[in-house]
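Undergrad: Sequence:
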Amino acid sequence: MNIGEAAKASGVSVKMIRHYEAIGLMPAATRTESGYRVYLPEDVHALRFVRNARDLGFPLAEIEELLGLWRDRERSSADVKRLALGHLATIEQKVRALQAICETLRHLAKACHGDGRPECPILQGLSERESAAAPSATRASRSRGGLRHSGISAVPRG
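Residue numbers for the sequence shown follow UniProt numbering, so the first one is 1 and each next one is one higher.
Rather than coming from a laboratory, the hints here were simulated on the basis of the structure. Think of the CB as a built atom: it goes at the ideal place given N, C-alpha and C, for glycine as much as any other residue. There could be a bad hint or two in this list.
[To be verified] In silico lysine-lysine, DSBU-like type, Cα no more than 30 Å apart, as pairs: (1) LYS94 <-> LYS15; (2) LYS110 <-> LYS94; (3) LYS81 <-> LYS94.
[Claimed, not checked] Pair ranges (Cβ atoms, derived): (4) GLU92 <-> ALA9: 29 to 35 Å; (5) ASP79 <-> GLY24: 18 to 24 Å; (6) GLU130 <-> GLU92: 19 to 25 Å.
Please construct the entire structure, taking both the sequences and the accompanying hints into account.
TA: Next comes the structure, spelled out in structure tokens:
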């Protein structure tokens with residue numbers, strides 16, 4: 001099948017198939033005399049594997065390792081489990097950070113009167129925050145202290 005058919009069958013775009021080949025995640029497809037890529041059913045199966053791993057949020061480096069393990073019939077399932085648990089730990093840490101951000105925003109929104117007054121605890125809190133990417137939200141989640149420990153004050157300064 002050609003690249004368009006492989007894309008449709010695997011759920012991976014033509015652009016991404018080319019990208020995966022360019023970076024070596026997928027082997028270069030065989031080509032016809034006129035230069036068109038030809039894909040076999042096992043290529044489509046591997047593309048589906050990659051798509052499923054991407055859907056679970058695995059980074060490309062780990063997908064490459066998982067592909068190698070998938071193709072290796074002598075693999076140890078312990079290696080696969082190690083990768084999966086490592087990825088799960090990363091996701092759980094991101095979830096905790098997002099929950100802390102939600103809690104901070106919830107507190108800021110609750111502190112804001114939302115009326116005609118110019119004072120706004122949300123803007124005040126944002127101006128006091130270390131930076132948008134600062135780890136203060138993570139500190140807040142660890143301490144469970146909410147805004148007091150996140151570096152953001154819900155009380156406007158006088």
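Undergrad: Do the alpha carbons of LYS110 and LYS94 lie within 30 Å of each other, as the hint requires?
TA: Since the Cα atoms of LYS110 and LYS94 sit roughly 24 Å apart, the hinted pair holds (cutoff 30 Å).
Undergrad: Verify the CB-CB distance for ASP79 and GLY24 against the hinted window 18 to 24 Å.
TA: For GLY24 against ASP79, whose Cβ atoms are near 20 Å apart, the range 18 to 24 Å holds.
Undergrad: Take a look at whether the Cβ-Cβ distance between GLU92 and ALA9 falls inside 29 to 35 Å.
TA: 34 Å Cβ-Cβ, so the 29 to 35 Å window holds.
Undergrad: Verify the CB-CB distance for GLU130 and GLU92 against the hinted window 19 to 25 Å.
TA: Because 24 Å falls inside the window, the suggested range holds.
Undergrad: What's the verdict on LYS94 and LYS15, does the C-alpha distance respect the 30 Å limit or exceed it?
TA: Given pair LYS94, LYS15 holds - Cα atoms ~29 Å apart, limit 30 Å.
Undergrad: Quick one, are LYS81 and LYS94 close enough, alpha carbons at most 30 Å?
TA: holds, 20 Å
No hint from the list above goes unmet by this structure.
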